Amino acid sequence: MNKYYLNHLEELESEAIFVLREVAANFQNPVILFSGGKDSIVVTHLAKKAFYPAKIPFSLLHVDTGHNFPETIEFRDNLVASLGVNLLVGSVQKSIDDGRVAEERGKNATRNSLQITTLLDTIEEERIDCAIGGARRDEEKARAKERFFSHRDDFGQWDPKNQRPELWNLFNAKHFEGEHFRVFPISNWTEMDVWGYILRENIAIPSLYYAHERKVLWRNNSWIPKSEYLQIDDNEEIVTKKIRFRTLGDITITGGIESDADTLEKIVAEVAAMRETERGNRADDKRSESAMEDRKRQGYF
Amino acid sequence: MTEQTSQLLRFTTAGSVDDGKSTLIGRLLYDSKSIFEDQLDAIEKTSLRKGHDGVDLALFTDGLRDEREQGITIDVAYRYFSTPKRKFIIADTPGHIQYTRNMVTGASTANAAIILIDARNGLVEQTKRHSYIASLLQISHVIVCVNKMDLVDWSEERFNEIVSQYEAVASKMLVKDVHYIPISALKGDNVVNRSENMSWYMGAPLLHSLETLHISSDINKVDARFAVQTVIRPQSEEHRDFRGYAGRVSSGIFRPGDNVVVLPSGFQSKISRIDFDQKSLDEAFAPMSVILSLETDIDVSRGDMIVKANNQPQPEQDVEAMICWLNNKPARPRTKFSILHTTNEQKAMIRDIVYKMNIDTLERDMDDKEIGMNDICRVKIRTTQPLMIDSYRENRATGSFILIDDATNETVAAGMIL
Numbered sequence: 069m070n071k072y073y074l075n076h077l078e079e080l081e082s083e084a085i086f087v088l089r090e091v092a093a094n095f096q097n098p099v100i101l102f103s104g105g106k107d108s109i110v111v112t113h114l115a116k117k118a119f120y121p122a123k124i125p126f127s128l129l130h131v132d133t134g135h136n137f138p139e140t141i142e143f144r145d146n147l148v149a150s151l152g153v154n155l156l157v158g159s160v161q162k163s164i165d166d167g168r169v170a171e172e173r174g175k176n177a178t179r180n181s182l183q184i185t186t187l188l189d190t191i192e193e194e195r196i197d198c199a200i201g202g203a204r205r206d207e208e209k210a211r212a213k214e215r216f217f218s219h220r221d222d223f224g225q226w227d228p229k230n231q232r233p234e235l236w237n238l239f240n241a242k243h244f245e246g247e248h249f250r251v252f253p254i255s256n257w258t259e260m261d262v263w264g265y266i267l268r269e270n271i272a273i274p275s276l277y278y279a280h281e282r283k284v285l286w287r288n289n290s291w292i293p294k295s296e297y298l299q300i301d302d303n304e305e306i307v308t309k310k311i312r313f314r315t316l317g318d319i320t321i322t323g324g325i326e327s328d329a330d331t332l333e334k335i336v337a338e339v340a341a342m343r344e345t346e347r348g349n350r351a352d353d354k355r356s357e358s359a360m361e362d363r364k365r366q367g368y369f
Numbered sequence: 089m090t091e092q093t094s095q096l097l098r099f100t101t102a103g104s105v106d107d108g109k110s111t112l113i114g115r116l117l118y119d120s121k122s123i124f125e126d127q128l129d130a131i132e133k134t135s136l137r138k139g140h141d142g143v144d145l146a147l148f149t150d151g152l153r154d155e156r157e158q159g160i161t162i163d164v165a166y167r168y169f170s171t172p173k174r175k176f177i178i179a180d181t182p183g184h185i186q187y188t189r190n191m192v193t194g195a196s197t198a199n200a201a202i203i204l205i206d207a208r209n210g211l212v213e214q215t216k217r218h219s220y221i222a223s224l225l226q227i228s229h230v231i232v233c234v235n236k237m238d239l240v241d242w243s244e245e246r247f248n249e250i251v252s253q254y255e256a257v258a259s260k261m262l263v264k265d266v267h268y269i270p271i272s273a274l275k276g277d278n279v280v281n282r283s284e285n286m287s288w289y290m291g292a293p294l295l296h297s298l299e300t301l302h303i304s305s306d307i308n309k310v311d312a313r314f315a316v317q318t319v320i321r322p323q324s325e326e327h328r329d330f331r332g333y334a335g336r337v338s339s340g341i342f343r344p345g346d347n348v349v350v351l352p353s354g355f356q357s358k359i360s361r362i363d364f365d366q367k368s369l370d371e372a373f374a375p376m377s378v379i380l381s382l383e384t385d386i387d388v389s390r391g392d393m394i395v396k397a398n399n400q401p402q403p404e405q406d407v408e409a410m411i412c413w414l415n416n417k418p419a420r421p422r423t424k425f426s427i428l429h430t431t432n433e434q435k436a437m438i439r440d441i442v443y444k445m446n447i448d449t450l451e452r453d454m455d456d457k458e459i460g461m462n463d464i465c466r467v468k469i470r471t472t473q474p475l476m477i478d479s480y481r482e483n484r485a486t487g488s489f490i491l492i493d494d495a496t497n498e499t500v501a502a503g504m505i506l
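Quick note, the sequences are listed as chains W and C, same order.
Heads up: the first sequence begins at 69 in the numbering used here, then just goes up one per residue.
Heads up: the second sequence begins at 89 in the numbering used here, then just goes up one per residue.
Please keep in mind that the hints were generated in silico from the structure rather than gathered at the bench.
As the structure is a prediction and not an experimental result, all values here were calculated from the model.
It is possible that part of the hints are untrue.
Claimed, not checked - Listed next, the in silico DSBU-like pairs over lysine-lysine satisfying Cα-Cα at most 35 Å (straight line):
no.: 1; chain 1: W; residue 1: LYS334; chain 2: C; residue 2: LYS121
no.: 2; chain 1: C; residue 1: LYS133; chain 2: C; residue 2: LYS275
no.: 3; chain 1: C; residue 1: LYS216; chain 2: C; residue 2: LYS121
no.: 4; chain 1: C; residue 1: LYS396; chain 2: W; residue 2: LYS116
no.: 5; chain 1: C; residue 1: LYS309; chain 2: W; residue 2: LYS71
Can you build the whole structure from these sequences, using the hints too?
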């Protein structure tokens, strides 16, 4: 006998695809915010499935901090070539050179919050009316209140106390000139769902997610990769460890965990047994209790 | 792997901090081991700083900065946990009267509602309000949790009293499947683990009930409806002749060979194939996202609805509906709105207010014709073109709509077609 219900991954997939098709139907110039991280890779994979046999009707937009893992850039370029989509790059280095933003100083300096200006400038220059992101509500408490279709005013800002109510699957995408939307198709997915789906669909992800040997130092409770951008104190020791990354961001603030998980199956098993949230290794979220909320209000992803 | 076969259950919890709602959610997450150590650390520190005894589980549901400062919930927050049997999405909504709109929002996608009652107080106005909203939004399953049983000496008599109070209220509404569970969210009794203090209770603890609610039959499998989102026409050599209609099956089942009608045009055709990604499918059922192709080349575009020839919705320009007003600006008479129904957008006008519902007394006010924030009213709406409607009771997807104010672009009302 046939079963007439979907399992949870199938239902989440169907919901995300519905959302992506609503974007295609409602906006003139939508882009997928592509960081090279697993969540934006999953969103891109979903977009491919949503429109097949047609091509993805969105460009990919990478907000490039300049502090990248080389593996991420290589992965990005290969994916763009295989999908035949257009790639837009917003450069944080250019925003710094143009005097739009100033680099943070000190050992814990990051370019994380500088991305906001670069992103908003790119949205304005390219006349982007919708930026699709891979943010999930389970990641962080400010994100738990986020809508699927999240309105941004003409300053690109989020007003969490004045959000449009979102009922059933009826998404209000109306906006005035200069305003835009952020749309989050995988809002209802958890970290476990993302990994379960990557395994189920056998989606290619950057090698950084798999356990590998790397030169690292111990800082803020995680293994920070050695890179040319990292300021190293005298008392900090560079060691070689077998690690992998649970999330990918700016190379200066993305901490790895010690792991032997070198296959997708092992990663899924490891994530299932994990007792800390994935953003626990992200220095950008540790600055204060409302660090994410504050950045989101300004126009962060 | 169990992950692959488990179903998704969406449920809503409404209530104020005093009901122990946040404690209950914290308890569900904590006892089902869905809370991570760094989250627990943060909560322990905050509990200590605030001088609470032990870990305050309610802090897990803290949200925005204003909410933490004021100790109230402003907006719907979504929370996630899973057990080997199911994955759960909680729409956690505030219960104060001014937040009716958030309860309606949370309820709109829920399969089940948890209604909390403080065992000491019994039914209060808020209980009725929650139950009315659950029935208005046609949530299929209601679980009434009589909380704080520890404060009434785990009394079976008190529990039974509240159950009969609730049955009297529920009989006036359309609540289909009601379960009653005596719990203590604070102590953990009958939340995840069976209570040792209430051996008189023979039913299942809350989590077990949530894991076993029969939800497969909640979706309408009879009336096949498919709202077209967008047309797929690949501009490539390989797929030159492909023309498909992308959408999500709202209800019912479609198969290749089915005789279908495209509404509103009324053109008849047959489904030639159903595709998803690189696979051709034998059938598509709700809520699958697929691409339908038709045998004949007819004009189909976004907002059209594909249905089976022998089972069609009503085309209507005059619609009677219950609406919940969501905006702080009151409804002005004869204002024009955009109405979004499935993927179809039209202009609409509220022609008449039949009555306003007092959701505390469940009485109808026939004289008050002002619609303000959080009001629930029965109205008559006129649209510029016919909508393809079913009643909300029979079909959530084709019986619901939203109104959008063209001056502000804000979503101002949620409607359920009668």
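| Hints breached by this structure | none
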